[in-house]
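Take a look at the letters that make up each chain.
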Amino acid sequence: NAGVTQTPKFQVLKTGQSMTLQCAQDMNHNSMYWYRQDPGMGLRLIYYSASEGTTDKGEVPNGYNVSRLNKREFSLRLESAAPSQTSVYFCASSPFSQRNQPQHFGDGTRLSIL
Amino acid sequence: GESVGLHLPTLSVQEGDNSIINCAYSNSASDYFIWYKQESGKGPQFIIDIRSNMDKRQGQRVTVLLNKTVKHLSLQIAATQPGDSAVYFCAEKWNSNSGYALNFGKGTSLLVTP
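Order-wise, the sequence lines are chains A and B.
Going by our numbering, 61 is the number at position 61 of the first sequence; the sequence numbering is gapless.
Going by our numbering, 36 is the number at position 36 of the second sequence; the sequence numbering is gapless.
If you're looking for bench data, these hints aren't it; they were derived computationally from the structure.
Here are the computed lysine-lysine pairs in the DSS-like style, where the Cα-Cα straight-line distance is at most 30 angstroms:
1. Lys42/B with Lys71/A
2. Lys14/A with Lys57/A
3. Lys42/B with Lys57/A
4. Lys56/B with Lys42/B
5. Lys106/B with Lys14/A
6. Lys68/B with Lys56/B
7. Lys42/B with Lys71/B
8. Lys106/B with Lys57/A
9. Lys57/A with Lys68/B
10. Lys106/B with Lys68/B
11. Lys57/A with Lys71/B
12. Lys9/A with Lys42/B
13. Lys106/B with Lys71/B
14. Lys57/A with Lys9/A
15. Lys71/A with Lys9/A
16. Lys56/B with Lys71/B
17. Lys42/B with Lys14/A
18. Lys56/B with Lys106/B
19. Lys57/A with Lys71/A
20. Lys106/B with Lys42/B
21. Lys106/B with Lys9/A
If you want the footprint, here are the derived chain B segments under chain A, 3+ residues with CB under 8 angstroms:
22. 25-34
23. 41-55
24. 105-112
Which residues of chain A face chain B? A partial, calculated answer using Cβ under 10 angstroms:
25. Tyr35
26. Leu45
27. Tyr48
28. Glu59
29. Ala92
30. Ser97
31. Gly106
32. Asp107
Note that beta-carbon positions come from the ideal geometry of N, C-alpha and C, so glycine has one too.
Using the sequences provided together with the hints, build the complete structure.
This is the structure:
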């Protein structure tokens, strides 16, 4: 079982470049999430999608956009990358965001912006 | 236990001993709590969860205790093994402005020595 798959695993960008991080899950989950993790910090929610066709802002949405392409895929886009967006990005999914069920995570995309 | 700041609190235990990792959560309205384990270069991995109507839940070698009076959560690991070395995060769930979000603590690093 692949679970949650993120691509790419590593990326280096220059300030001002754009990029899309890809995420796909094969667990037939309705809800998907994007988090960022900075050194010594917990995960902070960027955006989430409670179900196919809906997206909502999380705690730190500025500088990002998302697209829920279908039930399986949820992408995160940086339109104009800034050094402050250097981080590790994690995608997660869960059956239903409203229910008391754990989120399952991918192994992350390590993004450096110079 | 978990605390604010760039440096993760670290718990060092000997192989075979029991470990206790503590977490203070923030919202008295939180109704669901999760413990995650994160190994270097990997995404968070679900360990165990507990609902707010419970005080204790046991899994394989792990026990989670919930004290709602003082908003405290703990993870006990029995007979700690080298493979348990990782960063451990607690997360709480409540209905916030960003929907049914998970709020993560900043993590505790567990180091198991032979």
